[in-house]
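J.: Here is what each chain is made of, one letter per residue.
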Amino acid sequence: MSDELIFTYQIDGDDFTRAGEASSSVKNKLKMLGVGSDAIRKVAIAMYEGEINMVIHANGGTITVSVSDTDITMVLADQGPGIPDIDKAMEEGYSTARDEVRSLGFGAGMGLPNMKRFTDEMKIDTVIGQGTTITMKVNL
Amino acid sequence: MKLQNILELPECRVLVKGNPDREISRVFCCDLLSIAMGKAPADGVWVTVMGNKNTLAVASLTDTACIVMAEGVSLDEGTLEKAAEEGIAVLSTELPVFDIALEIYEAGRP
Numbered sequence: 001m002s003d004e005l006i007f008t009y010q011i012d013g014d015d016f017t018r019a020g021e022a023s024s025s026v027k028n029k030l031k032m033l034g035v036g037s038d039a040i041r042k043v044a045i046a047m048y049e050g051e052i053n054m055v056i057h058a059n060g061g062t063i064t065v066s067v068s069d070t071d072i073t074m075v076l077a078d079q080g081p082g083i084p085d086i087d088k089a090m091e092e093g094y095s096t097a098r099d100e101v102r103s104l105g106f107g108a109g110m111g112l113p114n115m116k117r118f119t120d121e122m123k124i125d126t127v128i129g130q131g132t133t134i135t136m137k138v139n140l
Numbered sequence: 001m002k003l004q005n006i007l008e009l010p011e012c013r014v015l016v017k018g019n020p021d022r023e024i025s026r027v028f029c030c031d032l033l034s035i036a037m038g039k040a041p042a043d044g045v046w047v048t049v050m051g052n053k054n055t056l057a058v059a060s061l062t063d064t065a066c067i068v069m070a071e072g073v074s075l076d077e078g079t080l081e082k083a084a085e086e087g088i089a090v091l092s093t094e095l096p097v098f099d100i101a102l103e104i105y106e107a108g109r110p
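Chains as they are written, first to last, in this note's numbering: chain A, 1 to 140; chain B, 1 to 110.
If you're looking for bench data, these hints aren't it; they were derived computationally from the structure. From the three backbone atoms N, C-alpha and C, an ideal C-beta is built for every residue, glycine too. There could be a bad hint or two in this list.
Cross-link-like lysine-lysine pairs, in silico, BS3-like; alpha carbons within 25 Å at most [claimed, not checked]:
id: 1; chain 1: A; residue 1: Lys137; chain 2: B; residue 2: Lys17
id: 2; chain 1: B; residue 1: Lys82; chain 2: A; residue 2: Lys42
id: 3; chain 1: A; residue 1: Lys42; chain 2: B; residue 2: Lys39
id: 4; chain 1: B; residue 1: Lys82; chain 2: B; residue 2: Lys17
id: 5; chain 1: A; residue 1: Lys31; chain 2: B; residue 2: Lys82
id: 6; chain 1: B; residue 1: Lys82; chain 2: A; residue 2: Lys123
id: 7; chain 1: B; residue 1: Lys39; chain 2: A; residue 2: Lys123
id: 8; chain 1: A; residue 1: Lys29; chain 2: B; residue 2: Lys82
Output of the computed footprint for chain B on chain A, the stretches with three or more beta carbons under 8 Å from beta carbons of chain B [unchecked claim]:
id: 9; region: 12–20
id: 10; region: 31–45
id: 11; region: 97–110
id: 12; region: 124–133
Using the sequences plus the hints, can you model the full thing?
T.: If you want it as structure tokens, here you go:
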């Protein structure tokens, strides 16, 4: 893997049945590239949580995954409502998900905490009314 | 313990067989997908009553070997087909979560 590889995914808003397809695809690609299973698991979990968040809160968005020799970087960009209180959103158990989402088994307030836990670096850029961009890195 | 030992449990209906030779790591019970996402062990058996497409997505991303749907819950046909493609076993039982998890645990004792 000498050159950086980049994969881009469009995430549909409000389509729960397809949420996870992008993460699955990345997982399979990383497997084919021979990335270690620990790193793959971290990327898959962090990206799936992000994907679900985009579907629940932001009406979809774009995910760009780049793979280099040293790390895997995921950039999740949406044009949703933004996150008013990041500290609160990072608390385990805090969620603003709708009841309908909770009935599917989500909305436990673990999304952002899981994303932080399973990545080596995470940065949140958010502007109310304009959108959120989350950058996550998993070291190889 | 191999997956085969679980496929043979009399209380379970096998909906998708998976790979019977797969070595099982642990039994895990959880219905909240957000928590399962972070905690479900690779090569584990995951017992849940949450039966929707996202259950399979979480199982797939966490490398779960087998999903056991308790309390008579099932997955729709499309999701079962996808599970077969991904090599994830799916079982259904009328038993509650704890009872079937205990049986699986005991089936794996030396």
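J.: List in ascending order the numbers of the hints, as given earlier, that are violated by the structure.
T.: 1, 6, 12
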